[in-house]
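Spelled out from the first residue to the last, the chains are:
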Amino acid sequence: MLQILFDALSLGSLYALGALGIALIFGVMRLVNFAHGDVIAFCVFALLWPSTDAMAIVFAGQLPWYLLVPFVLLCGAGLSVLCEIVVFRRFRKANPATMMITSFALGFVIRYFLLMLYSSRPKSISLLPTLSQPVEIFGARLPLLQLITIIATMAILIGLTLFLRQTRFGLEMRAAAENFSMARMLGVRANRVIMGAFALSGALAGAIALIFGSQTGTADIQMGASIMLMAFIATVIGGLGSLGGAVLAGFLLGAASVVMQVMLPVDARPFRDAFVYGAVILVLLFRPQGLIAARGTKERV
Amino acid sequence: MAYKMRIAMTALAVLSVAYPALADDDKIVVGFATAESGFMEAYDKPAQEAAMIRIQEINAAGGLLGKQIEVVKADTKSDRAEGAKAGLSVLDGGADLVVVSCDYDFGSPAALAAEDAGQVSFFLCAESIKAGIQGVGPHSFSASVLAPVQGATMAEWAFKEKGAKDFYRLLDTWTVYNKGICDGFDWMMPKLEAQGAKLVGEDTFKNEDASIAAQITRIKSLPKEPDAIMLCTMMPGAVSAIKQLRAAGINSMILNGSGVDGSYWLSAVPDLSNFFVPVQGSIYGDDPSVDVNKFNATYKEKTGADPSSQYVYPGYVMIDVWAKAVERAGTTKADAVVAELEKMKDEPTLFGTRTFTPELHHQNKARYLIVETKAGKPGVVGNWTISEPVPMEALLK
Amino acid sequence: MSLLALSDITIRYSRLTAVRDVSFSMAEGEILFITGPNGAGKSSLLRAIAGVTPVAGGRIDLAGQEITSQAPENIARLGFSMVPEGREVFGSLTIEENLLIGTGMHANNRGWRTRAASELEAVYATFPMLKERRNGQAGLLSGGQQQMLVIGRALMTNPKLIAIDEPSLGLAPNITDQVYERLIVLRAQRGLTLLIVEQSSARAMMVGGRMILMRGGQIVLDGDARTLGNGEAIQAAYFGYEDH
Amino acid sequence: MSAVVSETPLAGVVKAAKKPARFSLARRTIITPILLSLLLIAITLITVMTGSRPFNQTVIDVLVRVIFVVGLYIFIGNSGVLSFGHVGFACLGAYATAWLTINPIMKSSALPGLPEWLLQTRLPYWEAAVLAALFAGVAALIFGRVLMRLSGIAASIATFAVLAMINTIYSNWDSVTGGTSSVVGIPIIRTIWPYLIGAVVAIFIAWAHAISRSGLALRAARDEPIAASASGVDIPKERLVAFVVSGAVMGLGGALMAHSIGVVTPDTFYLSLTFTTLSMLVVGGMGSLSGGVIGVVLLSALIQALRWLEAGVPIGESTFAMPKGLQEIALGIIMIVILALRPSGLMGNREVTLPRRNRG
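If you're matching them up, the sequences are chains A, B, C and D in order. In this text, residue positions in the first sequence follow the UniProt record's numbering: the first is 1, and each later residue adds one. In this text, residue positions in the second sequence follow the UniProt record's numbering: the first is 1, and each later residue adds one. In this text, residue positions in the third sequence follow the UniProt record's numbering: the first is 1, and each later residue adds one. In this text, residue positions in the fourth sequence follow the UniProt record's numbering: the first is 1, and each later residue adds one.
These aren't lab readings, by the way, just hints derived from the structure by calculation. Any given hint could turn out to be false.
Listed next, with one range per pair, are the computed distances between beta-carbon atoms [to be verified]: (1) B:P223 <-> A:V266: 16 to 26 Å; (2) D:M49 <-> A:D267: 46 to 56 Å; (3) C:T227 <-> A:L285: 55 to 65 Å; (4) B:G376 <-> A:V86: 41 to 51 Å; (5) D:E116 <-> A:L285: 29 to 39 Å; (6) B:K224 <-> A:V86: 52 to 62 Å; (7) C:A122 <-> A:V135: 50 to 60 Å; (8) A:L285 <-> B:R367: 53 to 63 Å; (9) D:I30 <-> A:F286: 42 to 52 Å; (10) B:K220 <-> A:L285: 33 to 43 Å.
From the structure, some residues in chain B lie toward chain D, with a derived Cβ separation under 7 Å [stated by the list, open to error]: (11) R80; (12) A81; (13) K85; (14) L112; (15) T175; (16) L396.
Predicted model, so just to flag it, every value in this text is computed and none were measured. Think of the CB as a built atom: it goes at the ideal place given N, C-alpha and C, for glycine as much as any other residue.
Given these sequences and hints, build the entire structure.
Below, the structure written as structure tokens:
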């Protein structure tokens with residue numbers, strides 16, 4: 001039972017972090033950033049030296065953890081901000097569909113760039129190998145990594161909450177997420193807030209890359225995609241623009257996935273995702289504005 | 001509008017020049033409709049390199065039927081629709097043999113194009129029964145061994161040689177290949193159960209699942225850790241699954257298909273032990289056959305790297321058996337070559353024997369070397385040939 | 001020198017022209033009402049000054065600088081503060097947080113809280129109700145309270161000119177009275193320039209000051225609110241001639 | 001007279017859709033589908049003249065994509081709601097045609113879970129394609145009944161959930177769909193004409209829907225949602241009509257795609273096809289039928305040109321070849337540039353028509 005709880009929490013953590021990364025950008029820009037998954041993949045590959053050999057040449061991955069973690073977070077933030085400056089800045093006034101397709105095209109560019117440098121073969125990396133040891137807690141034997149994932153996610157969530165609540169930048173960001181043009185009329189600098197949101201979102205992508213990378217031990221071009229999809233769904237059913245909702249929905253999706261895997265009979269288990277998506281449709285039908293509708297969010301016409 | 005149309009047409013007209021249609025009977029042409037870019041490239045390229053090595057050997061020894069073998073290539077871009085185009089384009093290039101992608105799904109559009117044109121097609125290393133008569137037609141073959149043979153081999157070997165009694169089956173539903181391994185395992189299990197083995201549980205996951213924690217919890221809730229886990233999966237999800245199994249403290253034997261062969265990923269699971277893979281030949285320099293080790297050296301010399309996994313070898317086998325059949329038929333005419341291929345019974349090759357029949361253009365029984373990874377070091381620990389061939393019913397499941 | 005000057009402003013939404021060739025200017029300390037029926041282009045005009053609606057033609061100057069097509073945050077920095085139609089409080093933020101947003105632009109990160117504190121005290125002195133509920137969610141306030149909040153929020157940017165779009169919208173008349181009372185006091189205290197948009201001219205006549213009447217995207221009358229308000233001309237100008 | 005927002009043109013449009021007015025509307029707009037069809041016919045004729053088999057296959061592919069993108073346009077363009085789920089209907093169509101056309105002997109061994117009557121059926125491909133389209137349309141009706149209440153991004157996600165459900169079910173229902181493995185034995189049609197006919201039919205269906213009362217009402221609702229519902233437009237109902245029609249067109253496209261390569265798997269009809277087709281629509285111009293068709297033609301031509309560069313172009317003595325993989329990168333960048341320059345797509349909301357006429 002305890003084990004199931006931990007399983008649900010650790011999977012939910014990944015989805016929640018992903019959903020946050022998407023919700024942050026959506027909040028300030030109304031952009032559903034499909035390139036987010038590719039930023040995650042990029043962060044993992046940044047640890048390797050570009051080569052198309054089957055054997056991965058570990059490069060930054062060899063750094064001690066206290067350098068490795070900031071390195072990956074910076075990679076994510078850097079790439080994300082770069083995307084904003086080079087591409088998304090030009091699309092501030094575009095309609096959501098155009099922005100979505102643009103972000104998809106950008107993700108496509110990043111993915112094929114990685115493919116060219118590293119080839120399509122998934123590469124193995126041993127990231128923070130000490131974390132793969134099992135530990136015993138309350139009678140349940142858990143991978144240490146699972147525990148660290150949960151703790152790290154909680155720490156990130158608390159840190160982010162403090163940042164958003166206690167700093168001026170956080171305040172500006174929350175205001176901008178709720179009503180961007182009003183915030184600007186009060187002197188909030190659009191570029192700064194949007195770049196901040198991209199940087200945070202990119203750093204979150206880096207965090208996911210670290211967790212996911214050490215959990216799977218693999219760097220794969222496609223690796224961001226599945227998390228990105230779930231995160232995207234979590235963002236919507238959580239209530240677009242609501243950060244709290246995104247986190248909640250992320251954990252719920254993780255829990256739904258794990259619980260269904262446990263409860264369903266073996267023949268129905270391959271259909272697990274169909275049930276999860278069915279539940280998503282149900283949630284949307286009953287709460288089209290999401291679980292936690294961002295209060296006061298104005299539909300921009 | 002008219003202007004745009006003109007541009008489009010000019011572009012199209014120019015493009016059509018890029019596909020010259022030539023057919024020349026003085027030459028023997030092998031056409032590769034394989035992935036040179038995209039997802040499948042990593043799988044097709046090594047086998048294709050091996051095929052090229054065999055072609056060069058043949059050419060160096062005077063060619064086939066006294067003619068040099070020429071090669072034409074078209075990129076499938078790891079895309080099915082592009083695959084069909086690539087197949088047609090090597091056929092237009094005069095291919096007598098159409099070599100298609102490693103995977104049935106990606107290779108079949110090109111193979112079907114070859115079948116339409118009445119030409120022989122060979123899958124580089126597809127391990128599904130469909131890669132042949134059943135899924136393409138009477139002129140199609142695969143150079144590798146069926147996936148169910150791998151599952152069956154591992155089950156029987158673990159039971160007979162390692163004394164494993166309690167088996168657990170963990171299937172990744174992502175691909176037919178994965179399902180094939182487990183199908184072979186499922187066919188073998190009742191025979192072993194009659195002798196005292198037991199299937200203590202089963203579960204599924206998806207290759208791209210971020211975490212298989214729930215599946216692991218199910219294994220851990222068993223009264224006793226199973227002796228062996230039959231893990232029917234492939235890259236990249238395999239690494240993640242193996243890592244998570246070991247991280248959770250499950251130390252059972254892990255039995256696999258050939259898809260996880262290779263040492264390139266072992267760094268992800270430091271000190272991995274009790275881990276077993278069936279292979280057609282060893283890339284680790286300890287193959288019992290001297291010729292295999294010699295081939296590995298040649299491969300390194302030509303490509304600058306050691307073979308990354310056993311999937312290099314079927315490419316070599318493919319050209320080898322096809323060339324023999326052409327030699328025996330005295331022609332590259334498809335029907336004659338197919339007839340010769342179907343006469344092959346336990347035909348020796350560098351990497352085990354090959355048998356083709358008018359019912360099956362694939363191997364339903366093969367000798368496999370078993371590679372054990374112990375403390376992160378893989379090495380051959382034995383070989384096994386299943387007691388009877390996997391029957392058609394189990395293959396077509 | 002005028003504080004705000006518009007010349008030949010035209011605003012278009014795709015094929016629709018909302019404001020056509022509008023020019024006027026405001027002196028420092030002036031109070032100006034813009035009135036007119038729905039769709040006259042009043043709000044568009046305010047939003048154009050604030051920089052959130054692009055102008056198709058013309059020029060806007062604020063405090064001697066051209067601000068046409070400037071970013072809203074830069075216009076705010078020059079001393080223009082906007083209280084938009086429908087108030088637009090940040091509903092999920094607390095009242096104090098709503099107020100604090102506007103102080104960000106004048107302080108560096110470190111000095112921010114201390115600097116903001118003195119501004120806050122001044123606003124709380126004007127609107128004691130806000131202080132009482134400072135940690136409450138802004139979205140839960142009543143309409144009148146929200147109106148106080150957004151005026152307070154506009155004050156926090158330390159503006160020279162406050163533009164208010166329909167402060168009476170959705171408020172009971174006695175609440176509207178209170179709002180205006182505070183505005184008049186504030187104007188006296190701080191030497192503020194006020195630009196107020198109202199649909200009806202009644203309030204303008206009551207408060208006094210200058211009034212511009214717009215209709216169909218153009219200025220039709222401009223003069224002293226009290227003298228204009230009593231004439232027959234305003235009736236005709238407001239409703240226009242009957243079509244067809 | 002100054003232009004003041006007073007009344008939306010909507011009421012007028014809906015009223016105008018009465019019989020005689022509609023006839024003149026049809027006459028006024030029919031030139032668009034005709035021109036688009038002529039474009040496709042011209043491309044096809046050139047293809048046939050070159051006689052190159054791979055090129056023939058390339059153009060078949062383009063025509064199939066035209067069907068998909070036109071199918072997407074019928075829903076997305078008219079309703080303004082982005083759908084990520086339509087490729088799911090293409091999947092249904094492709095499998096339906098597989099069930100109907102595969103040789104019964106092969107079928108009973110590969111797909112034993114099919115009902116007896118279906119196992120015995122074997123239809124010519126064009127009958128199967130029509131039935132596949134109907135099947136996809138019915139499925140769209142069932143899903144649409146539930147989903148069309150939603151709008152905006154919630155609707156987009158819900159349609160995606162439909163795609164994911166279809167994909168999961170078709171990937172695992174081994175006895176009926178063959179699971180993730182390819183379904184084989186679908187007759188391959190390598191002549192180009194059926195695909196041309198399919199694409200032209202799709203274009204005319206889209207046109208007919210667009211000028212129908214339902215299509216007009218839906219577009220009015222897209223532009224002025226509040227005014228539309230005030231004047232009695234039942235938005236969910238009109239959306240449902242578009243959803244069903246577009247689902248059927250997607251089904252037709254899926255069926256033809258199956259016949260063009262001869263094998264189907266569920267993941268042929270998943271994310272990558274979704275994004276390719278959506279990109280073509282958005283780059284061409286989401287709000288216009290011409291935009292969709294031209295988006296496909298131009299992007300396909302661009303892809304081919306880049307591939308040709310990748311394969312190597314002789315320049316004088318030497319051969320210039322782009323590094324492998326650069327093609328996709330270039331494609332992505334060009335798409336971004338096009339969208340940056342023309343955020344509402346190449347065509348915007350305009351349709352191709354003859355000069356001197358009103359564009360609009």
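*Output the numbers, in ascending order, of every earlier hint that fails for this structure.*
none
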